[in-house]
Amino acid sequence: MPEQEVLMAVERLDKWFPVRKMGRARGYVKAVNDVSLQIRRGETLGIVGESGCGKTTLGRAMIRLTDVTDGRVVFDGQDITHLSEKELRPLRRDMQIIFQDPYSSLNPRMTVGDIISEPLVFQNMYTPAERIERVRELMDLCGLDPIYIRRYPHEFSGGQRQRIGIARAIAVNPKFVLCDEPVSALDVSIQSQVINLLMDLQSRTGIAYAFISHNLNVVYHVSRRIAVLYLGRVVELADREDFKTNRAHPYTKALFEAIPQVGFDEQQKRAPLTGDLPSPVDLPDGCVFHTRCPYTQPRCRTEVPELREIDRGHFVACHLV
Amino acid sequence: MTDKQPLLKVRNLCTYFYTDEGIVYALDDVSFDVARGQTLGIVGESGSGKSVTALSIMRLVQTPPGRIVSGTVELLGDDILKKSKKEMKQIRGGKIGMIFQEPMTSLNPVYTVGNQIMESILLHGDCDRKQARERAIEMLRLVGIPLPEKRFGEYPHQLSGGMRQRVMIAIALSCNPQLLICDEPTTALDVTIQAQILELINELKQKTGASVIMITHDLGVISRVADEVLVMYAGKAMEYGSARDVFTQPRHPYTAALLKSIPNLEDDVERLHVIEGMVPSLSKRPAGCLFNPRCKHVMPVCREKRPALTAGPDGRLVRCFLQSDAIEKEEAHA
Numbered sequence: 001m002p003e004q005e006v007l008m009a010v011e012r013l014d015k016w017f018p019v020r021k022m023g024r025a026r027g028y029v030k031a032v033n034d035v036s037l038q039i040r041r042g043e044t045l046g047i048v049g050e051s052g053c054g055k056t057t058l059g060r061a062m063i064r065l066t067d068v069t070d071g072r073v074v075f076d077g078q079d080i081t082h083l084s085e086k087e088l089r090p091l092r093r094d095m096q097i098i099f100q101d102p103y104s105s106l107n108p109r110m111t112v113g114d115i116i117s118e119p120l121v122f123q124n125m126y127t128p129a130e131r132i133e134r135v136r137e138l139m140d141l142c143g144l145d146p147i148y149i150r151r152y153p154h155e156f157s158g159g160q161r162q163r164i165g166i167a168r169a170i171a172v173n174p175k176f177v178l179c180d181e182p183v184s185a186l187d188v189s190i191q192s193q194v195i196n197l198l199m200d201l202q203s204r205t206g207i208a209y210a211f212i213s214h215n216l217n218v219v220y221h222v223s224r225r226i227a228v229l230y231l232g233r234v235v236e237l238a239d240r241e242d243f244k245t246n247r248a249h250p251y252t253k254a255l256f257e258a259i260p261q262v263g264f265d266e267q268q269k270r271a272p273l274t275g276d277l278p279s280p281v282d283l284p285d286g287c288v289f290h291t292r293c294p295y296t297q298p299r300c301r302t303e304v305p306e307l308r309e310i311d312r313g314h315f316v317a318c319h320l321v
Numbered sequence: 001m002t003d004k005q006p007l008l009k010v011r012n013l014c015t016y017f018y019t020d021e022g023i024v025y026a027l028d029d030v031s032f033d034v035a036r037g038q039t040l041g042i043v044g045e046s047g048s049g050k051s052v053t054a055l056s057i058m059r060l061v062q063t064p065p066g067r068i069v070s071g072t073v074e075l076l077g078d079d080i081l082k083k084s085k086k087e088m089k090q091i092r093g094g095k096i097g098m099i100f101q102e103p104m105t106s107l108n109p110v111y112t113v114g115n116q117i118m119e120s121i122l123l124h125g126d127c128d129r130k131q132a133r134e135r136a137i138e139m140l141r142l143v144g145i146p147l148p149e150k151r152f153g154e155y156p157h158q159l160s161g162g163m164r165q166r167v168m169i170a171i172a173l174s175c176n177p178q179l180l181i182c183d184e185p186t187t188a189l190d191v192t193i194q195a196q197i198l199e200l201i202n203e204l205k206q207k208t209g210a211s212v213i214m215i216t217h218d219l220g221v222i223s224r225v226a227d228e229v230l231v232m233y234a235g236k237a238m239e240y241g242s243a244r245d246v247f248t249q250p251r252h253p254y255t256a257a258l259l260k261s262i263p264n265l266e267d268d269v270e271r272l273h274v275i276e277g278m279v280p281s282l283s284k285r286p287a288g289c290l291f292n293p294r295c296k297h298v299m300p301v302c303r304e305k306r307p308a309l310t311a312g313p314d315g316r317l318v319r320c321f322l323q324s325d326a327i328e329k330e331e332a333h334a
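As given, the protein sequences belong to chains A and B, one line each in that order.
Quick note on numbering: the working numbering labels position 151 of the first sequence as 151, and the sequence is numbered without any gaps.
Quick note on numbering: the working numbering labels position 54 of the second sequence as 54, and the sequence is numbered without any gaps.
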């Protein structure tokens, strides 16, 4: 990948949380383990996985909402791994976030206008009069009627609130927006409205998204490339088309086959994955997936598989591929 | 929809909530049957009345503000809306088992899971504590929990989400119910765990011969498990028929639009189909067809008159003027 095309690069990133007992660290929750990936300008990288796989932690580490245990985060050519809060401040203009829950992520005591203009105030952009103009423009862009500028969040439905959250995120014209389960809390008929809005904004402004979701159908629809996480590790990373026809990792296959699809042509019974996710405090040795994998070999129990490129741009971490 | 007597026969069920802001028509004139050994899927968005349907059948609607205004719910010909509170206690968890969405909050955190399964067995069955204990362990084994003797003495927080939902299923099935109502049983679970639980419910249904009502907003789940499907919108049934027919050839514009609006791995589209607008408030419902403000095929008559739920030649019920001119009778309780 040419260097100037890469907007966000994560290199061998680790994020461990200490588990304390009696005030001393007795072990670590290894939420993110040796993850490397890149996001190009203007593209959407989907990050999927089940709960506890580290997808949210990875996202937060990317935009430095959390500290990093080891590894590097490079944003727009600049190493941001160890920047202080103060040094990060100007960079926040270029990286924003949309949260899952449109109810708790908006301050109930602020009007919509104040919510959307807050990042503009924070970044010292525009004069107060221009800000109001900009907020109206943003509301219009996100499908909200600007006459509601003085209303409070509780006066809006879930889908409209998510639109407010989106308007806030794009207010400062960021280059990168982390979308952390942006449609999971919404009704089916509202989800498609918000997904279309996000995609329209991208084609208009060229924002890059990291789109985190447990809903594979949604991720598949919005992404150009997809990373599948399992227990803090990337097990497969490829272009979206590969996930339709060329799934390589046994976990990816099981995950995609487990989604109930509407329709009856392809409803042949498949053996669902057995067992639960192992505890992230006590990760299995070798391949993290070997405890549930139907094809486990002796080697998988001892040796961690590296993420290897099996085809152009198609990376898999499995001994058997 | 079958000639034989159905297990559960719900007719003209209306459940309204009387609030300060007016009457909320949460469930308005809903009728359906559940045949023996069959699965009925009830699908709808939030506020469509699907959970209130379950609560009404179990007589668990909070009163006030809610009230079952009219209708009948017959379990093998016996109207359970006429039962006393005491009789209802025997039916709930006895003939009808229920699984709720959130396995974390529907289990009591201060009792062991074994204790909670035993509670239900002791309440409904004729047995002593020792037999109940054995039965509880047997149930844990049945729902696929490894080391059931050990798990018996554990507390809910020691189990994963999928395991907790299995415990809920064990409780619901412990008294051999004839009907199992599942309200969003897998919504809080991961997809690989969801596949396990759906498989388990199907398997147990075959083993025990129970009927299932599966309530969910996930059309994929419904199409995997349901024989028949009831599509609800704003408290009313919009379409009702065999799951295969409804999903492959939807007749109501709402069903069709809903099916088109979910992204799908098979049909790769550039832009998702959108249903504009939002679900109407149930206390200030639009005049005419409840779906008319969002419908792409709206006609003048849709804005004035309420369409009736009418049967097509194949028995499929649809509430739409595109299918039939029939107008719904005036609401008796408005």
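These are computed hints drawn from the structure, not numbers from a lab.
C-beta: ideal position from N, C-alpha, C; glycine also.
Do not rely on the hints blindly, as some may be mistaken.
As the list claims (entries may be wrong) - With the C-beta cut set under 10 Å, the calculated list includes, among others, these residues of chain A facing chain B:
hint	residue
1	P153
2	H154
3	L201
4	Q202
5	T205
6	H214
7	A254
8	V262
9	E306
10	L307
11	I310
For each hint, the structure was consulted:
Interface hint at P153 (chain A): violated, since its Cβ lies 16 Å from the closest Cβ of chain B, which is beyond the 10 Å cut-off. Among the interface hints, the one on H154 (chain A) is violated; its C-beta lies about 14 Å from the nearest C-beta in chain B, farther than the 10 Å criterion. A least Cβ separation of about 13 Å between L201 (chain A) and chain B goes past the 10 Å threshold, and the interface hint is therefore violated. At about 12 Å, the closest approach between the beta carbon of Q202 (chain A) and any beta carbon in chain B exceeds 10 Å, and the interface hint on this residue is violated.
Hint status for T205 (chain A): violated, given a least beta-carbon distance of 17 Å to chain B, over 10 Å. Taking 10 Å as the C-beta contact cut-off toward chain B, the hint placing H214 (chain A) at the interface holds, the least distance being around 7 Å. Evaluation of the A254 (chain A) hint against chain B yields a held restraint, the C-beta minimum of about 6 Å falling below 10 Å. For V262 (chain A), the shortest C-beta to C-beta distance to chain B is roughly 5 Å, which falls under 10 Å, so the interface hint holds.
For E306 (chain A), the interface hint is violated, the least distance from its beta-carbon to any beta-carbon of chain B being 24 Å, above 10 Å. The interface hint given for L307 (chain A) is violated, since its Cβ lies 21 Å from the closest Cβ of chain B, which is over the 10 Å cut-off. Below 10 Å, beta-carbon pairs count as interface contacts, and I310 (chain A) has none with chain B, the closest being about 21 Å; its hint is therefore violated.
In the structure shown, a violation is registered for the earlier hints numbered 1, 2, 3, 4, 5, 9, 10 and 11, in ascending order.
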